[in-house]
Amino acid sequence: MSKVTMPVEQQIPIQQVDYRAVLSEQEIAAIEHECSLYEERAAAGIDALKIVQDHRRWVSDESLYAIADLLQMPVVQLEGVATFYNLIYRQPVGEHVIHLCDSISCWLHDFPKIAEHLKAKLGIDFGQTTADGKVTLLTNVCLGCCDTAPALMLDGDLVENLDIPSIDNMLGKLTARGGKND
Amino acid sequence: MTNRPLTEHLDRSNPQDIKAYQSSGGYQGFKNALAMEPQAVQQQVSDSKLKGRGGAGFMTGMKWSFVPMGDKALNQDGTPQQKYLVCNADEMEPGTFKDRLLMEGAPHLLIEGMMIAAYAIGASVAYIFLRGEYRLCATRLQQAIDEATKSGLLGKNINGSDYSLSLHLHLSAGRYICGEETALINALEGRRANPRAKPPFPQVMGLFGRPTIVNNCETLCNLPSILNHGAQWYSELANSPDAGTKIYGVSGRVKNAGLWELPMGATAQQILDLANGMQDGLKLKGWLPGGASTDFLLPEHLDIPMEYDAIAKAGSRLGTGGIIALDDHHCPVGMILNLLQFFAQESCGWCTPCRDGLPWAVEILSRIEAGKGSQDDIDQLLKMCGFMWIGKTFCALAPGAVEPLRSGLTYFADEFQQHIDHKGCPYGH
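If you're matching them up, the sequences are chains A and B in order. Mapping of the first sequence onto our numbering: residues 89 to 270, in sequence order. Mapping of the second sequence onto our numbering: residues 355 to 783, in sequence order.
Among the hints, erroneous ones may be present.
Said to hold, decoys possible - 27 Å max Cα-Cα, derived DSS-like pairs, lysine-lysine: (1) K201/A / K637/B; (2) K777/B / K201/A; (3) K609/B / K201/A; (4) K510/B / K426/B; (5) K201/A / K726/B; (6) K222/A / K207/A; (7) K222/A / K209/A; (8) K426/B / K385/B; (9) K777/B / K726/B; (10) K667/B / K637/B; (11) K637/B / K777/B; (12) K373/B / K385/B.
By construction, these hints were calculated from the structure, which means they are not laboratory data. Note that this is a predicted model, so its numbers are computed, not measured.
Work the whole structure out from these sequences, hints included.
Here it is in structure tokens:
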């Protein structure tokens, strides 16, 4: 199977970053493990972005260039992957990230009311981070727990059967316990 | 013998325990398969009349039959060609949560199903393409993969045979279009997940250009029992043209939303009864039979069997079998707007009707819902249903979005008209 060439991408000047200067040994080892599972290194792109994001909370331009260097793939192709997905953050996010499900089963279970309450309590709109850098509020498509709607994902974990008291309780705990790096 | 092949192994407390799974007959189906020729396994699955459970309902055995086998699957140097099996576990259809139940509760069932499918098509590497939000599934599947590997069920020369299989878990990062099989293949290769043109079909030229089968998670979970108890047993589980059982579900304002394994062809009324009906004070106004991308049906359709042909005859699709119930206190226009917002956001942007048409439909629906719509808006929406229909778009995403829109415009025409005539939402949205 001959490889498809991408002349357009090759013409775009690439900022050269040595991945060893940016990524930690731990990150590199985890990414190399993912590479070993596929025929081509570029296939580990999405895994690599997630690995780096797990360590740094988001994917900066510098991280992006470093991953592309490690995977020996065009930065443009990796950026095309990074910007495609809802769960890859190309901007800094808060210590905690809330993804509120806005799909149909949650909509039928008071999504508008829940959304307004979350926004008011945090004092931010969707896509924003609180001024103290604690919480980023985002939406998410159907979380696959329509039987326990309405639901959200807090730092990757499901919180189901939401109502106003349970949201207040959750936000209270977030403020009390601080960031996950504390 | 069980009549619930999908949920009999559900174990909420210790689902990754391989010994518990084996003691209830687990991995027997794979052992039976391993004693057969791969083509014979394909034949048994064809005979069972199993149809794909991801939504399209294509015959699983026929899908496999397009994969080159034997002498037709050799490289130029005479070595066997690399082939792949991929489990599509990118469950993101709104209102659908059946695959999550199976992966969380019976991870070994999926792994055994994948082993059977991989053996049948001669694949030596398999991937589970799992949506990134399904964290508990990821943990349990990885534990189950590790246990199966430790037990010698995965790896080189399984059970002393010539057959080797390695199985890996791939976590995606949230994008509905990855559920489309060619987009999924692009995603697995580390490319932007736009769908690919067909032909070539993945069965011949898929992942990394190799023959590849992509099967839905629930489809694969049916295989162990078919190989264990036989094709005839499986097809006779259902008193319907469609074979076997199905995980049906219902969500919305019902008393007890959830999932139930029932013979194919169970009615929506039966499912609704299992959910104890609508919540007090609410009446069913309409329902989507199988996720967001299926046409609305009405209460008068509740007694139609939930099988592919019967639901198609009624004007909709079985889809994923996850019913979404619309009650009489929620605005149909608001519901359709929510559904179209989902599809507009999740469009990959590759083809114009989808990329530009869906946001346009959202704009018009928002206007109508806000009481600022006109008669022209309705006409425009009807026209757009044609512009985004099958044959006008690159893949099935936009036609899927059209389904609830076109049927909603028909069944809820009065409600649309009220929004325009009274310049507001009669439901107070």
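Requested in this report: For the pair we were handed, K201/A and K726/B, check the Cα-Cα distance against 27 Å.
Outcome: Within the cut-off at roughly 23 Å; holds.
Query raised in the report: Going straight from one Cα to the other, do K609/B and K201/A come out at no more than 27 Å?
Result: Holds - the C-alpha atoms of K201/A and K609/B are around 20 Å apart, at most 27 Å.
Query raised in the report: Between K201/A and K637/B, does the CA-CA distance stay at or below 27 Å?
Result: Holds, at about 22 Å.
Query raised in the report: Under the criterion that the straight-line Cα-Cα distance not exceed 27 Å, is the pair K777/B, K726/B satisfied?
Result: holds, 6 Å
Query raised in the report: Is K667/B close enough to K637/B, meaning Cα to Cα at most 27 Å?
Result: holds, 25 Å
Query raised in the report: Taking 27 Å as the top limit, are the C-alpha atoms of K426/B and K385/B close enough?
Result: Judged against 27 Å, a Cα distance of about 26 Å means the pair holds.
Report task. Please work out if K373/B and K385/B have their alpha carbons no farther apart than 27 Å. Result -> Measuring from Cα to Cα gives roughly 15 Å; hence the hint holds.
Query raised in the report: Taking only the CA atoms, is the gap from K510/B to K426/B under or equal to 27 Å?
Result: Holds, at about 24 Å.
**Report entry** Hinted pair K222/A and K209/A, Cα distance within 27 Å
**Finding:** holds, 13 Å
Query - Agreement of K637/B and K777/B with the hint, judged by alpha carbon distance not exceeding 27 Å - result: holds, 25 Å
Report task. Could you grab the alpha-carbon distance between K777/B and K201/A and see if it respects the 27 Å cut-off? Result -> Status holds; Cα separation ~23 Å.
Report task. For the pair supplied as a hint, K222/A and K207/A, confirm whether the alpha-carbon distance does not exceed 27 Å. Result -> holds, 14 Å
Violated hints for the displayed structure: none, as all numbered hints are satisfied.
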